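Chains E and D supply the protein sequences, listed in that same order.
Under the numbering used here, the first residue of the first sequence is numbered 1, with each subsequent residue one higher.
Under the numbering used here, the first residue of the second sequence is numbered 1, with each subsequent residue one higher.
Treat the hints with care, since some could be wrong.
To be verified - In silico DMTMM-like pairs for lysine to aspartate or glutamate, Cα to Cα no more than 20 Å straight-line:
id	chain 1	residue 1	chain 2	residue 2
1	E	K201	D	E111
2	E	K123	E	E358
3	E	K197	D	D267
4	E	K74	D	E111
5	E	K201	D	D267
6	E	K199	D	D267
To be verified - Not close to chain E: a few residues of chain D, all C-beta gaps over 10 Å, as computed:
id	residue
7	A94
8	M156
9	S283
The hints are simulated quantities; they were obtained by calculation from the structure and are not laboratory data.
Since the structure is predicted, the reported quantities are computational estimates derived from the model, not experimental observations.
All residues carry an ideal CB built from backbone N, CA and C; glycine is no exception.
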Amino acid sequence: MLGCAVAVMLLTATAGGEPVKIGVYGPYTGGSAGMGVSMRNGVRLAADEINASGGVLGRKVELVERDDEAKNEKGGQIMQELLEKERVVAVLGPINTGVADAALRYPNEKKVPELINVSAGAKVNELFDVYGKDNYVFRIAAGDLIQSEMIVSEAVEKRKLKKPALLCDDTNYGQNGRAKMEKALEKHGVKPVYVGKFKIKDTDMTAQLQEARSAGADVLLVYGIGPELAAVANSMERIGWRVPMIGSWTLSMAAFINNAGANGSGAAMPQTFIESGASTPKQLAFLDAYYKKFNEKPIAVAVAAAQGYDSLYLIKMAIEQAGSTEGPKIKAALEDLAKTYEGVTGTYTKPFSPSDHEAVKAGNVMMGVVKGGVVTPPQK
Amino acid sequence: MQTLQLLWAGIAQGMIYALVAFGYNITFSTSKILNFSLGNVLMLGGVTGFVLYMTRGVPFAGALAGVIAVGAVGGVLVQKLAVEPSLRKKSQHAWILATLAVGIVLRNGAEVFWSTDDFKMRSPLGDAPLRVGGAGGIGIYPQEILIILVSLAIVMTVEMLKSRTLLGKAVMAVSEDKETASLMGIDQKRVILFSFSLSAAIAAVGGLLVAPITLVSATMGTVLGVKAYSASIIGGLESGYGTIAGGLIIGLSESLTARFVSTGYKDVPGFLFLIVLLLVKPSGLFGKRTIRKV
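Model the full structure from these sequences, guided by the hints.
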């Protein structure tokens, strides 16, 4: 009892100390903003909760937020600013693969952990080949490898559709996804009948879809972001063609669901969190708090919000376990988290190890399906 | 049938380029100045239309009136706040940066005060494509028919007014020779102001027209503005009807290249054509050669 009181006194005594700065960057304006803002909201919610319950190591968490506008060159600039000028102890974000990849050197050089919470395509475990044991980049999001294999097996194994057409955007993200889907298809001994691409802001996909149709495709495997994926669905309706659409997690974005309307119904995508299927007390509490704080229901990009929320809690746990805000110590703690974290996107027991920096494994991911304007969990 | 579908898509897209290109044409013909914020004025029109029609539930005609008003006032502001001051500075091309800057301010303003997301705007004519030529036939959005008709109507009306009305003749006179026009009692400043207002109103209507096809967002005008600029150069900056040809050339080359060459190269033929044209006939397909006195 006395120990408790002393601890509380210590806490309050140091709570006024220097805040723990965490960098949060992503696209808060521009075409990817839906994902960026949802992610930031998730992180903010977690920060508020953490600060309301005493902070971390008795210090307040302070978020240093930067907008990368989904521009690759901004990634490096922001990361340098966060590390050199703001001296953050950890970095969360970003959304876009190109942006993330452009900035990955800096956390490794400065030995400050980065926990990628949305970008599925950014290099994470690949960096062990470059930096060896000194890899400071972690991820809590379903990587492209997991996603592309799920997408392919959903089409080829579960639905027995063996004539896939691939349609991906021409960004780093879309083309990474295309390469990984092609590799996954190869494993199943299937060759795509058509491989096409489109640009960000394209609204008419008639040409690509006509080619896919002439090639005899029976399923469309897509990799891109919400607005253009909606254009794909709408253009299918326009040319009067209907085949199943399976693709990247971004098919769950409001920008896809709202803009494709009825044309997007039935689209399937890998998800770490499905708003309409929330069942655990943790998930329900998260949604309740999110709706209240941001007055937004449904969440624009629920997956990004949930992963953003969980990412800050994982960093908090690591800092507490390390008892320090030094980069190498946080990294070591992340790689050997003693406590289990019950998060919104899943329960994480030892999510990372010194040789695996991917928190999300195939088992954490489920196939969501768009139905009646919301993403619904898979039918059991 | 497939090719017909592509041709249709190309024409509809091309007419949108043509409409914005016509906006460039109007200010250029009176003041030799291009309003590079037109792409974002188009966005402003789309966003205003979306807010009025979808968010506030104003009837379409009311939304249209609102959009025209926002465009017309916007054009006046661009001229008064960006173009006039930069001309007064006597620097040769400050107006280029000034109008570009206005465009950026408009876009960022929309992102801050409205939204960074993309939204679907319902077409007043319905969103389901009309199927022409049976089950395997081509899909035509009613909105596309509207785009083509309204664009043609706007270009033809303005061109006709130019040659038939007093104001039109004043515009023509200013575009021929500012000083002489002034001497003849034409208030060239007001004519130029009017041309900015008119062109911006047309671009804003363009935004309302394309919104149901392209989605409404703060970034919807950026690419459109650039492509429309190429269309106006191809058609000839001095020629009103030329902008239609320019728009159609770019729109059609895009959709046909995407299908028969590669989707990755769809922008290439249009821009190649632009470069070749600039080398061979810099005044554009329908531009008149002018003799410049130095």
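Hint check results:
At most 20 Å may separate the alpha-carbon atoms for a hinted pair to count; K201(E) and E111(D) meet this at roughly 16 Å. Taking the CA atoms of K123(E) and E358(E), the gap is near 10 Å; set against the 20 Å cutoff, the hint holds. Of the pairs offered as hints, the one joining K197(E) and D267(D) holds, with about 13 Å between alpha carbons and a cut-off of 20 Å not exceeded. Note on K74(E) and E111(D): the hinted pairing holds, with a Cα-Cα distance of about 18 Å set against a maximum of 20 Å.
The straight-line distance between the Cα atoms of K201(E) and D267(D) is roughly 13 Å, inside the 20 Å bound, and the hint therefore holds. Distance restraint check for K199(E) and D267(D): the Cα-Cα separation of roughly 11 Å lies within the 20 Å cut-off, and the hinted pair is therefore satisfied. Every Cβ of chain E is farther than 10 Å from the Cβ of A94(D); the closest lies at roughly 26 Å, confirming the non-interface assignment. Every beta carbon of chain E lies more than 10 Å from that of M156(D), the smallest distance being close to 26 Å; the non-interface claim holds.
At the 10 Å boundary, the C-beta of S283(D) stays outside the reach of chain E, the nearest C-beta of that chain being 31 Å off.
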